[in-house]
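Just so you know, the protein sequences line up as chains S and U, in that order.
Heads up: the first sequence is residues 53 to 328, going by my numbering.
Heads up: the second sequence is residues 1197 to 1376, going by my numbering.
These aren't lab readings, by the way, just hints derived from the structure by calculation.
No residue lacks a Cβ here, since even glycine has one placed at the ideal position from N, Cα and C.
There may be inaccurate statements among the hints.
[What the hints assert, rightly or not] Examples of chain U residues toward chain S, derived with CB under 7 Å:
| no. | residue |
| --- | --- |
| 1 | TYR1218 |
| 2 | PHE1226 |
| 3 | TYR1230 |
| 4 | ARG1231 |
| 5 | GLY1234 |
| 6 | VAL1248 |
| 7 | ARG1317 |
| 8 | SER1357 |
| 9 | SER1359 |
| 10 | ALA1367 |
| 11 | LEU1369 |
[To be verified] Examples of chain S residues lying across from chain U (beta carbon under 8 Å, computed):
| no. | residue |
| --- | --- |
| 12 | GLY66 |
| 13 | VAL69 |
| 14 | MET92 |
| 15 | ALA272 |
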Amino acid sequence: MSASDEDRIAYLAGEQVESLTPDERSELDELRALLEAEAMWAEPPDELEDRVVAAIADAAGTSPALEQVKRPRPRQFATPVQPADVRRAAREEQASQPPQAPPARQPPPPQPSRQLKKPRRERSWVITILERPAYAFGLLAVLVAVVAGTTLISTSGGGSPSPPPLQFAMVVNGTSLAPGAHGSATLTKMSSGWQVELSATGLPHLTNGRYYQAWLKNSAGVLVPIGTFNDAVKVTLWSGVPVTQFRTLTVTRQEANGNPASSGQRVLTGTIKSSG
Amino acid sequence: MAHAGLSTGFRDGDPDAVRAVYREYGRLVFAVAYRVLGDRGLAEEATQQTFVKAWRAAASFDAERELGPWLVAIARRVAIDVSRRETVRAADSLDSVAPGHPALSSSPEALEAVYDVWEVRRAVAELPPEEQDVVRLQHFKGYTHVEIAERLELPVGTIKSRSFRAHKRLAALLGHLREE
């Protein structure tokens, strides 16, 4: 094994190696990114095997004779397909074909009859009211009263200051992946959502397709993404879900690999406390 | 690699052959589907559909060929179809869409990219279990050698040598070492 191979292995194993060329580094980075992907490690449930066998048995059992007729004649291939063939086919597919339109859909399965019936159209209550003058005048009177009342309330407040926005604060701490990281976050209710101002130190600046992503989590474990960034020194994030329910803030390390799910690599976490 | 008899049994819908093919390729098909869809439940559905579609098309398959690349291509197509279906369904507010939902994902993975997933996963599966553990903890969990040693209650030196052996094997299996 050459010295260069040892360097490659060391780099693949996560060590800092300066001797590699950018091309070598890029090639190994791709492999490292794959090894970090959840798809690489996710295991299907044990019962999936039974489901597959049952599904094929079902398909075979529906009409075996028909299946035989429907199956196309075997094609003959001169040589076995090799991985290189897959790559070549992929390149040819990309080069020669425009993006495919969505495939023709299977006809939908039969629905219960109640779903096939159009619901009976309800008579509009607006039409009912407008057809009767007494109802219409009554409605107009109510509208006038509501508008007048609203105006009175808004003007009587005059110069009094508006109440302070609802605000929460939290301390965020590094996990075992980033034990030196720490900071804080302020979460403020605004008209367009919750503004989350995060400030933390101890996290390295990530680039080259790697980034941080912040999430809010509720008690059921549902994660909602609230933004991505390269470092957390001072970052403003936005949440469309209420922090009163999604009380835990986490930050994960992510890879721009087409998989938008959380990588599970949490580096920061904190839970809100009311700041009064 | 599935032998010709297995492919023939699979084509004929023989339950034992279907099970054998699933046991050999099920994890890999699931990995490809998961890579494209990013959702465990949908990946399970796509895996099941992949095997049914493969079975339906098995008469067109030359039993002398390797099943793997053929299944990868089917799995990717099925997963893209599932992804498109879910994208159409997801007409709700973005707030109600869970992170990782395929409706939020970008364009589907290229065939070459999903085949990389297949190859790497197959290479990892060839490592001894103790080396698989180290690679998983190091890359997927992001642990350092020291953290892995603490977790597995082994000396750091043992973890380092396992890691080196594992990555050397992976690099060789995946052609990342220079050809002498």
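Structure versus earlier hints - violations, ascending order
8, 11, 13 and 15
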